[in-house]
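Q: Line order of the protein sequences matches chains P and V.
For the first sequence, the residue numbers in the numbering used here are 1 to 275.
For the second sequence, the residue numbers in the numbering used here are 276 to 588.
Hints are computed from structural coordinates only; laboratory data are not their basis.
Where is the CB? At the ideal position from N, CA and C, for every residue including glycine.
Incorrect hints may appear among the rest.
To be verified - Label-pair ranges, simulated between beta-carbon atoms: (1) P:Gly7 x V:Asn298: 37 to 47 Å; (2) P:Gln140 x V:Asp403: 41 to 51 Å; (3) V:Arg385 x P:Leu31: 21 to 31 Å; (4) V:Ser386 x P:Ala65: 57 to 67 Å; (5) V:Asp302 x P:Leu10: 32 to 42 Å; (6) V:Ser386 x P:Lys28: 23 to 33 Å; (7) P:Val198 x V:Ser386: 37 to 47 Å; (8) V:Asn394 x P:Lys28: 45 to 55 Å; (9) V:Gly409 x P:Pro224: 51 to 61 Å; (10) P:Leu31 x V:Arg490: 36 to 46 Å; (11) V:Glu508 x P:Lys28: 14 to 24 Å; (12) P:Gln140 x V:Asn394: 52 to 62 Å.
Unchecked claim - Examples of chain P residues lying across from chain V (beta carbon under 7 Å, computed): (13) Thr4; (14) Leu6; (15) Ser98.
Claimed, not checked - Listed next, the stretches of chain P that the computed footprint assigns to chain V, with coverage defined by at least 3 CB atoms under 8 Å from CB atoms of chain V: (16) 104-111; (17) 207-221; (18) 241-248.
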Amino acid sequence: MEQTGLGWDLKSTFIIMKYQMLFYLKTKRFLTMIILVILMVAITVGIDLYVGVDTVRTEYGTSGAFLASGLGFVTITIAVLAGFYGGDATSIETGTNSGYFIMVQPVRKSSILLGRFIGAYILAAATMMIEFVVVGSMSQYIFAGVDTKFWLALAESLFILMAFLALAFFFSSVFKNPLIGILFSILAFVLIMPIIDVVISIENIEPWFNLYYSTNIITAVFAPIVHVSSKTRGPITIKTYVPYVWEANYIALIYLVLSLSLSYIIFRRKEVKPQ
Amino acid sequence: MNNSSVTVTNLTKKYGNFKAVDNVSFDLEGTGAFAYLGQNGAGKTTTFKMMTGLITQTAGKVLIDGIDIARERTKALNRIGALIETPEPYSSLSVKEAIQLVGALKNMKRSDILDHMENFGKRVQMPDQNRKVGTLSRGQRARVVFVAAFLGNPEIIFLDEPTNGMDPAERKIIRDVILDWKKDHMILMSSHLLQEVSDTCEEVLLINKGKLVLREKTRELESRYNSKSLKVEYMAPVDMIKLSDILSSETNSVEPQTNKSAIIYFDGVLQTRARILRDLQALGDVITFSEYGSSLEEAFVDLIGDKQTVDPN
């Protein structure tokens with residue numbers, strides 16, 4: 001097969017994806033992430049097992065309420081996974097001598113970017129699923145069933161993870177140093193964006209422009225969505241916003257498309273300049 | 276028969292107001308090894324990067340077998356093997372995986388990749404296939420990327436200082452491969468090792484401050500620049516002061532090395548050289564009388580005109 005055309009682009013994307021996954025597995029990034037997620041889930045499960053099944057059943061009442069609480073860590077899982085898997089995705093080519101190894105091969109930069117994105121996404125999604133499997137299993141064990149909204153929460157999580165990963169790819173194309181890209185992504189996802197979300201809400205503005213805002217949907221789906229609720233304490237009224245499903249999807253979609261497009265444009269223009 | 280061609284036309288790369296490569300044009304055809312020489316910062320690597328699509332030129336054009344690299348990058352890269360700067364495969368991959376990745380991207384069959392690793396790898400003494408790239412020495416890593424650059428039997432090979440970081444034994448291995456491959460491939464290489472260039476390349480292209488200043492057959496260039504230094508060695512010790520005295524009219528200087536040998540600097544004229552030999556024989560039995568240093572080096576220094584910045588390797 002001549003190394004041009006759509007067929008070759010797809011094949012080279014697959015090759016890059018395969019070796020990207022191998023790279024993550026070999027650097028033990030995948031294993032580290034799995035351990036981290038298991039530790040987070042273990043806290044939830046551990047507490048439930050400690051207080052006893054009957055107590056948990058009485059406290060939550062329904063599988064939906066239990067799942068909403070049990071999946072509370074998913075947002076932080078998504079943030080960390082996206083940062084670790086995406087924060088160095090393109091800077092490893094443009095900021096290190098690895099670029100001189102891969103970029104002189106007959107492969108499009110779009111295939112490199114897409115292959116890396118798919119590879120990173122598969123491993124990040126697989127890691128995140130551990131949390132869903134464990135919490136879902138607990139619901140089955142305690143409530144003899146799983147709320148049907150569980151699948152919607154899973155689908156939303158997978159989609160939002162994709163958007164976070166795309167944003168991390170964008171950061172990786174901006175920063176030259178792979179390590180800085182990872183650290184900045186995690187800092188942005190775990191600290192900066194949540195703070196913006198809270199501050200904007202206090203100002204009674206819906207933070208629809210913040211990707212972090214969309215993550216509220218993951219646990220909100222288990223109950224009827226109350227888009228705006230107010231709490232008044234003395235003279236101050238604070239509104240709390242929760243996105244609708246469509247709204248969360250739009251936010252994630254816009255971030256996904258914009259971030260990937262921008263990271264591609266930057267990656268395409270950027271020259272290999274090792275640190 | 277290899278009908279490969281590389282055509283570089285008015286190639287220019289500007290960084291702000293600085294022209295790293297300034298209106299460089301040349302074309303190469305067929306087989307053989309061509310040297311692309313210049314001082315550090317002369318624009319050699321920048322030219323190689325533009326020729327492989329690693330960076331975009333400010334102006335000009337590069338055609339690989341008639342294919343414009345700026346327009347059809349992957350199609351052009353199909354035809355070449357390249358080793359630019361110091362490529363580093365992902366450190367967590369094994370040697371085998373790193374080579375397989377490149378082989379797959381060159382659309383090679385798995386069995387062909389393994390064959391190449393077996394045969395070519397053995398020839399350049401590639402490190403153990405199962406070793407992690409991150410555990411290799413600089414020279415070992417360089418041999419791995421050298422094997423990768425030759426994957427898929429590319430007709431055109433760009434080598435940017437291929438023996439950088441290698442010890443003399445490793446350099447010999449690479450030199451032998453180049454000598455063999457240039458018979459039916461086109462190789463364009465840069466190197467600071469002028470003796471290596473003299474041994475392997477038929478033609479020299481010299482770039483200085485971004486501009487191509489010379490293109491000439493290596494032998495013709497060397498013959499234009501006969502070495503202006505000679506090494507003499509006697510069977511028995513001689514009086515070095517006396518040696519300097521008897522050569523004082525012919526030479527620029529005499530530099531004793533031991534009490535039996537010395538380096539003589541002269542005007543490079545063959546008649547002078549003959550008279551020096553005659554005078555030297557008057558002092559004792561001469562066992563060595565040969566050129567010292569490379570005439571290519573003389574040419575390099577003369578053409579660039581800045582002895583202070585020439586790498587003497």
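Q: Now tell me if each hint is right for this structure.
A: Hint-by-hint comparison with the structure:
no.	hint	in the structure
1	P:Gly7 x V:Asn298: 37 to 47 Å	holds, 39 Å
2	P:Gln140 x V:Asp403: 41 to 51 Å	holds, 49 Å
3	V:Arg385 x P:Leu31: 21 to 31 Å	holds, 27 Å
4	V:Ser386 x P:Ala65: 57 to 67 Å	holds, 58 Å
5	V:Asp302 x P:Leu10: 32 to 42 Å	holds, 35 Å
6	V:Ser386 x P:Lys28: 23 to 33 Å	holds, 31 Å
7	P:Val198 x V:Ser386: 37 to 47 Å	violated, 59 Å
8	V:Asn394 x P:Lys28: 45 to 55 Å	violated, 34 Å
9	V:Gly409 x P:Pro224: 51 to 61 Å	holds, 54 Å
10	P:Leu31 x V:Arg490: 36 to 46 Å	violated, 55 Å
11	V:Glu508 x P:Lys28: 14 to 24 Å	violated, 60 Å
12	P:Gln140 x V:Asn394: 52 to 62 Å	holds, 57 Å
13	Thr4	holds, 5 Å
14	Leu6	violated, 12 Å
15	Ser98	holds, 5 Å
16	104-111	holds (count 5)
17	207-221	violated (count 0)
18	241-248	violated (count 0)
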